[in-house]
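Chains as they are written, first to last, in the numbering used here: chain A, 1 to 431; chain B, 1 to 431.
Just so you know, the hints here were simulated from the structure itself, not pulled from any lab data.
Each hint should be verified, as a subset may be incorrect.
[Said to hold, decoys possible] Here are some chain B residues pointing at chain A (derived, C-beta under 8 angstroms):
#1 Glu261
#2 Thr391
#3 Leu396
#4 Gly423
#5 Arg428
[What the hints assert, rightly or not] Now the stretches of chain B that chain A is said to cover, found in silico as 3 or more residues with beta-carbon under 8 angstroms:
#6 74-85
#7 92-102
#8 125-139
#9 221-230
#10 341-351
#11 404-410
[What the hints assert, rightly or not] Heads up, simulated PhoX-like pairs for lysine-lysine below, C-alpha to C-alpha not over 20 angstroms straight-line:
#12 Lys101/A / Lys101/B
#13 Lys203/B / Lys12/A
#14 Lys250/A / Lys300/A
#15 Lys203/A / Lys12/B
No residue lacks a Cβ here, since even glycine has one placed at the ideal position from N, Cα and C.
2 protein chains.
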Amino acid sequence: MIRIRKYTELNKTDHDRLFNRFGADFSSIMIDTVAPIVQDVKNNGDSAVKKYTSRFDGVDLSSITATPDEIEKGFQNTPGELLSAFSAAAKNIEEFHSRQKREDIQYDRNGITLGVKYEPIERAAVYVPGGKASYPSSVMMGVIPAKIAGTEDITVITPPGKNGMVPDIICAVCKMLGVTRVLKSGGAQGIAAAGLGTETVPKSDIIVGPGNIYVTAAKTYLFSQGLIQIDSLAGPSEVLIISDGSADPKWIAWDLLSQAEHEEMATAVLLTTDIREAEAVKAEIMKDIESGSGRHEIKKKALTRSDIIVMPDVESAIEFSNRYAPEHMEFAVTNPMAYLNRIRNVGSLFLGDHSPVSVGDYYSGTNHILPTGGAARFSSGTSVDTFIRRTTFQLLNREALSEARGPVNIMSGAEGFDDKHGGSINVRFED
Amino acid sequence: MIRIRKYTELNKTDHDRLFNRFGADFSSIMIDTVAPIVQDVKNNGDSAVKKYTSRFDGVDLSSITATPDEIEKGFQNTPGELLSAFSAAAKNIEEFHSRQKREDIQYDRNGITLGVKYEPIERAAVYVPGGKASYPSSVMMGVIPAKIAGTEDITVITPPGKNGMVPDIICAVCKMLGVTRVLKSGGAQGIAAAGLGTETVPKSDIIVGPGNIYVTAAKTYLFSQGLIQIDSLAGPSEVLIISDGSADPKWIAWDLLSQAEHEEMATAVLLTTDIREAEAVKAEIMKDIESGSGRHEIKKKALTRSDIIVMPDVESAIEFSNRYAPEHMEFAVTNPMAYLNRIRNVGSLFLGDHSPVSVGDYYSGTNHILPTGGAARFSSGTSVDTFIRRTTFQLLNREALSEARGPVNIMSGAEGFDDKHGGSINVRFED
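Use the sequences and the hints to build the structure in full.
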């Protein structure tokens, strides 16, 4: 069960567990499991995808993509209340992501025009986990930024249900967002199909979205071959909450439990400046677990790896969080905006005591495909930028090239390119 | 030697060679060579780095970083003319990259404040190839964008010279740019030291810059373990030139030769709408090769894999290039700006007949660390963005949370999180 510790009492083992918590090694899965599947899909296309879907999902597909009729029927089967909720959420997500668009850059300097063109990646695939449950919210979080970026060719990849069909609600959200291609094959075979292309699905240039270890290993394997772009490596979900004791302990407890409810490997950490709050939050958590409500066993297991840590002050808690680099951070203190510029390395940040993580998981507009395991030190959540690439450009006139001539000859000469690097400028000034 | 072909005569083998030209598989190098080195550096830090530097570079280091005195002496030993050239180039590169900075986003919607904070990645490392020659220009291209992004901790990684010292000119450019930490160990051991941290060098969050196959495999290996961010996988350098016959054939020939001069594996492709130009360019190339000038053998080998392709028109040449996704593209036609919005998937674009690639390699201001092998379909050159990460944030008041309550309960219920995801909102409205 979740423990209460003082920050000053944490030892080296605790520090390692908290601050160096990724370190997944996909090498053996990549080589032993993923590489043969990728090779098979490369050689045999759709038929290999069908073979692995039959083997791993127990489903025999006639086509590896959903028919227009299947998508339409799934939409029709979805309750109106659910459609309305997703539609309202999609509107917020569209609004938030639309603000991230960039203007191209262009300027002149002494006879040279320079700039940056921001272009959409042409073909994107969004992985949506399936199996025991389906995750229509992840369709929104992958597809909406891609569409706003201008990506025209979008594939949703998701495992089929036991009946060989794409779950209704996934169909519904795809239809709502204008996605017409749903590859109904999960795992490494689904990633391989989208990353390499087959008879039925085109090669995607980028694959985003969370998945299990085979999905992540397959994405990483194709990335390591220079074939696709990917988002960051998906690990277990996590929240770090900073509290100064001003919020209701039960609210904080419920937010920790909300994270624990995700999966056994989820992590929830509370940093509080108030020892009484620490005890009150723990008591609320114990009460919930003892009540056996909801995903009781999952929450219990997740909480064994979770911590309540008593910090000397809010400043030291922020320093802890900056180093921890959480996927989600809740900053439940009075006047949270005053600290905004000091908080770093967070996937998505929830400010104040009325911003639980679940509101960002579904509704507020921010993205929920986020870096985990400390990867927020160097990577970011899915955004419009994820689907944008840059082309830089330059146009010189004769005078600008003349100005560059001397320096380029000197620098390229120093690097051993003393013939044609300088020469390709010099030749333009020969008679 | 370089061949002239008509576009319509290209067969499937040509298409594969041109359009699916990456496909490097680093798996065996990662597992057999890189993984043991990484493990050794993880366990033994500096002493492992020294061991491999002794083994692979034949140099016994007393320290794995350059001393301040070593950097100062390198600077002092560098001719003033060279310092001036690099200083002028650095000014242009700083100007170009400064324009890429982004403003944070913040806005309100019915009781919710949302936004995006753009933050620098805290610790970055820049790999600078060494060995036979040194590449001070790559120091600029990696370090300047990082500094403009706001990254404060920067490590330059470069192999030592045979005398165990960092080459003078590398020291000089480091000093010019305010870099004080130079890790003098290349290959997988240098990447491992920067990616993991040792007694002497801190762990970097991101490693950029080109290198040989061991460097690229080591970067990819650490990325695949979720430990660092990297730029795109470095492959052989390449140029694609589109010409409408308006430029002097000798200029075009020199630009192709400038690329060929880089390395035996470099690729140069000319797409021209003018068969006479094709022949004239080929004749100039032959003349140069026969003259035995410069890096004669390297150019000759590179040209065996290069093509001059005669295209029906400029439009079809642009389509070819968009599919090819070249690292460098020269667009040597009259009125090039008119086509700018139709050109996609280029690392760096050189417009008109007075913009040879070498001006961007060193001087114009654009970056020269660029995606190769077709990776420009989904990745971009090094820029300020490379060193920036995003934190999204949201702050809800009670009314905004109340509005979210219904939809979040409905959506989270549909995904099987029907207890605490909705519950963490509901609890805030209990009496």
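Now for the hints, and whether the structure bears them out:
no., hint, in the structure
1, Glu261, "5 angstroms, holds"
2, Thr391, "5 angstroms, holds"
3, Leu396, "5 angstroms, holds"
4, Gly423, "6 angstroms, holds"
5, Arg428, "6 angstroms, holds"
6, 74-85, "holds (count 4)"
7, 92-102, "holds (count 6)"
8, 125-139, "holds (count 6)"
9, 221-230, "holds (count 8)"
10, 341-351, "holds (count 10)"
11, 404-410, "holds (count 5)"
12, Lys101/A / Lys101/B, "14 angstroms, holds"
13, Lys203/B / Lys12/A, "17 angstroms, holds"
14, Lys250/A / Lys300/A, "17 angstroms, holds"
15, Lys203/A / Lys12/B, "17 angstroms, holds"
Every hint from the earlier list agrees with this structure, and none is contradicted.
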